[in-house]
Amino acid sequence: MQSRTLKQQQRKFIWAFLAPGILTILVFTTIPALTTLSYSFFKWTGFQRGGFAGFENFQNLFRYPWRNQFVAALSHNVIVFIAVMLIQTSLGILIAYALFRLKRGQRFFRTVTFLPVIFSLVIVGYMWQVMLNSYFGPINKILTDIGLESWAQPWLGQTSTALPALVFINLWRWVGFPAIIFLAGLNAISHDFIEAAQIDGAKEGQIFRKILFPLLAPSMTIITILTFIGAFEWFDLPYVIGGTVGSPAGSTDTLALMFYRLSFGSADSVSNDIGVGSALGVIIFIIVGVGAGVGSNLMRRREVEQ
Amino acid sequence: MINKILTGTFFKAVLLINALMVLLPVFFLFNSSLRETGSFAANPIELARKPAWSNFTQVWAGGEFPNFLKNSLIITLGSLVVILICALSAGFILGRYQFKGNNLIYGFVLTGMLVPAKLAILPLFIQLKWMHLLDSHLGLILVYASGALPAAIFIMAGFFRSLPADIDNAARIDGASEFQLLRLVLAPLVRPGLAIVAIYSAIPIWNDFFLPLVFLQSPEKKTIMQGLTVFFGEYSSQWGVLFAGLTMAALPLIILYLLLSEQFIKGLTAGAVKG
Numbered sequence: 001m002q003s004r005t006l007k008q009q010q011r012k013f014i015w016a017f018l019a020p021g022i023l024t025i026l027v028f029t030t031i032p033a034l035t036t037l038s039y040s041f042f043k044w045t046g047f048q049r050g051g052f053a054g055f056e057n058f059q060n061l062f063r064y065p066w067r068n069q070f071v072a073a074l075s076h077n078v079i080v081f082i083a084v085m086l087i088q089t090s091l092g093i094l095i096a097y098a099l100f101r102l103k104r105g106q107r108f109f110r111t112v113t114f115l116p117v118i119f120s121l122v123i124v125g126y127m128w129q130v131m132l133n134s135y136f137g138p139i140n141k142i143l144t145d146i147g148l149e150s151w152a153q154p155w156l157g158q159t160s161t162a163l164p165a166l167v168f169i170n171l172w173r174w175v176g177f178p179a180i181i182f183l184a185g186l187n188a189i190s191h192d193f194i195e196a197a198q199i200d201g202a203k204e205g206q207i208f209r210k211i212l213f214p215l216l217a218p219s220m221t222i223i224t225i226l227t228f229i230g231a232f233e234w235f236d237l238p239y240v241i242g243g244t245v246g247s248p249a250g251s252t253d254t255l256a257l258m259f260y261r262l263s264f265g266s267a268d269s270v271s272n273d274i275g276v277g278s279a280l281g282v283i284i285f286i287i288v289g290v291g292a293g294v295g296s297n298l299m300r301r302r303e304v305e306q
Numbered sequence: 001m002i003n004k005i006l007t008g009t010f011f012k013a014v015l016l017i018n019a020l021m022v023l024l025p026v027f028f029l030f031n032s033s034l035r036e037t038g039s040f041a042a043n044p045i046e047l048a049r050k051p052a053w054s055n056f057t058q059v060w061a062g063g064e065f066p067n068f069l070k071n072s073l074i075i076t077l078g079s080l081v082v083i084l085i086c087a088l089s090a091g092f093i094l095g096r097y098q099f100k101g102n103n104l105i106y107g108f109v110l111t112g113m114l115v116p117a118k119l120a121i122l123p124l125f126i127q128l129k130w131m132h133l134l135d136s137h138l139g140l141i142l143v144y145a146s147g148a149l150p151a152a153i154f155i156m157a158g159f160f161r162s163l164p165a166d167i168d169n170a171a172r173i174d175g176a177s178e179f180q181l182l183r184l185v186l187a188p189l190v191r192p193g194l195a196i197v198a199i200y201s202a203i204p205i206w207n208d209f210f211l212p213l214v215f216l217q218s219p220e221k222k223t224i225m226q227g228l229t230v231f232f233g234e235y236s237s238q239w240g241v242l243f244a245g246l247t248m249a250a251l252p253l254i255i256l257y258l259l260l261s262e263q264f265i266k267g268l269t270a271g272a273v274k275g
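Here the protein sequences line up with chains A and B, keeping their order. Once you know that position 137 of the first sequence is 137 in this note's numbering, the rest is easy, because the numbers rise by one and skip nothing. Once you know that position 244 of the second sequence is 244 in this note's numbering, the rest is easy, because the numbers rise by one and skip nothing.
FYI, nobody ran anything at the bench for these hints, they're computed from the structure. Idealized CB from N, CA, C, for every residue including glycine. Check the hints yourself; a few may be wrong.
[As the list claims (entries may be wrong)] Simulated pairs of lysine-lysine, BS3-like, Cα-Cα distance not exceeding 30 Å:
no.: 1; chain 1: A; residue 1: LYS141; chain 2: B; residue 2: LYS12
no.: 2; chain 1: B; residue 1: LYS221; chain 2: B; residue 2: LYS129
no.: 3; chain 1: B; residue 1: LYS100; chain 2: A; residue 2: LYS12
no.: 4; chain 1: B; residue 1: LYS221; chain 2: A; residue 2: LYS210
no.: 5; chain 1: A; residue 1: LYS103; chain 2: B; residue 2: LYS4
no.: 6; chain 1: A; residue 1: LYS210; chain 2: B; residue 2: LYS12
no.: 7; chain 1: B; residue 1: LYS4; chain 2: A; residue 2: LYS7
no.: 8; chain 1: B; residue 1: LYS4; chain 2: A; residue 2: LYS203
no.: 9; chain 1: B; residue 1: LYS221; chain 2: B; residue 2: LYS4
no.: 10; chain 1: B; residue 1: LYS12; chain 2: A; residue 2: LYS103
no.: 11; chain 1: B; residue 1: LYS221; chain 2: B; residue 2: LYS12
no.: 12; chain 1: B; residue 1: LYS221; chain 2: B; residue 2: LYS70
no.: 13; chain 1: A; residue 1: LYS103; chain 2: A; residue 2: LYS203
no.: 14; chain 1: A; residue 1: LYS141; chain 2: B; residue 2: LYS50
no.: 15; chain 1: B; residue 1: LYS100; chain 2: A; residue 2: LYS210
no.: 16; chain 1: A; residue 1: LYS103; chain 2: A; residue 2: LYS12
no.: 17; chain 1: A; residue 1: LYS43; chain 2: B; residue 2: LYS50
no.: 18; chain 1: A; residue 1: LYS103; chain 2: B; residue 2: LYS266
no.: 19; chain 1: A; residue 1: LYS203; chain 2: B; residue 2: LYS12
no.: 20; chain 1: B; residue 1: LYS70; chain 2: B; residue 2: LYS12
[Said to hold, decoys possible] A few chain B residues that don't get close to chain A, going by computed Cβ distances all over 10 Å:
no.: 21; residue: VAL26
no.: 22; residue: PRO51
no.: 23; residue: LEU124
no.: 24; residue: SER162
no.: 25; residue: PRO164
no.: 26; residue: ALA165
no.: 27; residue: GLN217
no.: 28; residue: ALA272
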C-alpha cells in the first residue's frame, strides 16, 4: 500500500517536471503547425476564413497566377541545393582536410574558419551588399584597379548574377560549418588505418580517397540533410538582400519568400491569400520532411563501419 | 620528397586564402566604421588613419540603438532561462526514469524538432494576438523557447543518461527527495550539457530578425537585428555611421566567440557531431 502511494507520488513528480517543456512545445509549435494544415483546406479572404475548399488551394499553386512563381521559386531552391552541395561541401572537406593535417596553428585557423557562422545574416547581408555595390563597392574597385574593369558589374542588381552572388555570400557565411563537422569526422577515424596504409606505401591521395573519404560518410549524411533542409527553407539571406519579391525581377525568389508574400501580402501583390500560403507551407514541409527522411535512409545504408 | 613539400604548401595555402577571405570583409567592416562618410566617394577601400570615433557616438546618441541592444538582451536571456529550466527538468525525467508514456513523449519531442517554426507563422500570429502576446517580449520568448526546446531536451536527456545509475540510489538512500537529487547531485554534473544548450539556443535567438519582424511592431520594443533594418533606412547615405552601427551589432558576439571559441564551436555543431 505504501509503495503504491510512493509510485503515485513519483508519477505526479514525473509529469510535473515534464509539463513546462512539453506544454511550451505543444502550444507554440505543435498546435500552430497543425493549424497551418487545417488553414490550407479553407477558402480565405484576407484574415477572414471562408468555406471548406478541399484541395483547391493546393491545386491553385499549379494554376495562374501562382504557377509561374511557384515553378521559378522551386527551381531556385533546387539550384541552390545543388550549388551548395557541389561548392560549399567540397570546399568544406578541403578546408577540413587541410586543418586535419596541420600540426601547428590548428586552433587559430579553426577559430577563423568558423567565425562567419556566428554572424547574424542581417549583418552578413548588409556587409556584402556594400562589398558588391556596383559604384562604391570594394570588389568592383579592386577589379578595376587590377585592370579587369570589364569584370566589374552590378553583381546583385542583374538577374544573371544575383542568385550566384547570393550562393557565394551563403558560402562565406556557412563554409566553416561543414568544415568543422568534417574535421570532427576525420579526427574520429582511428590512426591505425592511416598508419597501416602508410606502411603499405599508399600515397596521401590514395589514403584520402580509399580510406578517409569513405569513413567520412556519416558526416556527409548529416551535412547533406542539413543542406537540403536549409536550401528548401532558404529565407533570411534572400530576404535581406532581395526583399520579399526576390529582386531583381524575381531572380532570387524562393519558396519560403513566396510563402511569406502569400501569408502577409507584399509591396507588389497587395492582398494575401492565407489558404494558398498555408498550402505552400504544407508543401515545403512535405518536401523537407520526405527529402530528409528518404535521403538519410538511403545515405545511412551506404555508410561503412569502422 | 619535393612532392610532399608541394602538397604541404598547397594545404597551407588553402588555409591562408580561407583565412584572408574570412578576415578581409570583417576588417573592411571595422575599418569603414572609423572613416568619415565623405571619404567613401573618393575611395571605398582606404585605411582609416584618423579614426572618426564620432560615428560610434552618433549611433549611440540617438538612444534607439542602446534600446535595441537592451531588448535583444532581455529576449535572449529570457528565452535562455525558460529553455534551461524546461530542458533540465524534462531531460532529467526522460534520461533517468522509466515510466508509461516515456516513448510517446520522446516521439512528441522528436516531431517538434522537425517542424520549422517559420511555416507555422500565420496561426502563431493569430494565436499570439488572441493570447495578448503579440508585440510583447514575453510572446517572443515563449516562441523562441518552444523552437529550441526539442533539441535542448534531447541534448540534456543524453547527458543525464550518460551518468551512472548508482548515483541516484546512493542519494535516495541518504534521504534525498527526487527534487534534491536533481538540484544538488545531478544538475552540477550535467553543467557541460547546459553550456552546450545555452550556446546552441542563444546565438540563433540573438541573431534572428524574422520573428521580431513579424511579431514586434512598436519601435521601442524592436531587437537589434530587426532595428538594424530601421537604422539602415535612416542613415542610408551616411556610410561611416552605417558601418559603425553594423560593427556595434556584430561586436558582442565576436568578442564572446574569441573568448569562448571552443564552447561556441561545440555548441553550434551540437546535434551534428556525435559525442
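Results for each hint:
no., hint, verdict
1, A:LYS141 to B:LYS12, "28 Å, holds"
2, B:LYS221 to B:LYS129, "16 Å, holds"
3, B:LYS100 to A:LYS12, "12 Å, holds"
4, B:LYS221 to A:LYS210, "56 Å, violated"
5, A:LYS103 to B:LYS4, "15 Å, holds"
6, A:LYS210 to B:LYS12, "23 Å, holds"
7, B:LYS4 to A:LYS7, "68 Å, violated"
8, B:LYS4 to A:LYS203, "10 Å, holds"
9, B:LYS221 to B:LYS4, "59 Å, violated"
10, B:LYS12 to A:LYS103, "11 Å, holds"
11, B:LYS221 to B:LYS12, "47 Å, violated"
12, B:LYS221 to B:LYS70, "9 Å, holds"
13, A:LYS103 to A:LYS203, "19 Å, holds"
14, A:LYS141 to B:LYS50, "22 Å, holds"
15, B:LYS100 to A:LYS210, "48 Å, violated"
16, A:LYS103 to A:LYS12, "55 Å, violated"
17, A:LYS43 to B:LYS50, "62 Å, violated"
18, A:LYS103 to B:LYS266, "21 Å, holds"
19, A:LYS203 to B:LYS12, "19 Å, holds"
20, B:LYS70 to B:LYS12, "42 Å, violated"
21, VAL26, "7 Å, violated"
22, PRO51, "19 Å, holds"
23, LEU124, "4 Å, violated"
24, SER162, "18 Å, holds"
25, PRO164, "20 Å, holds"
26, ALA165, "16 Å, holds"
27, GLN217, "13 Å, holds"
28, ALA272, "5 Å, violated"
In the structure shown, a violation is registered for the earlier hints numbered 4, 7, 9, 11, 15, 16, 17, 20, 21, 23, 28, in ascending order.
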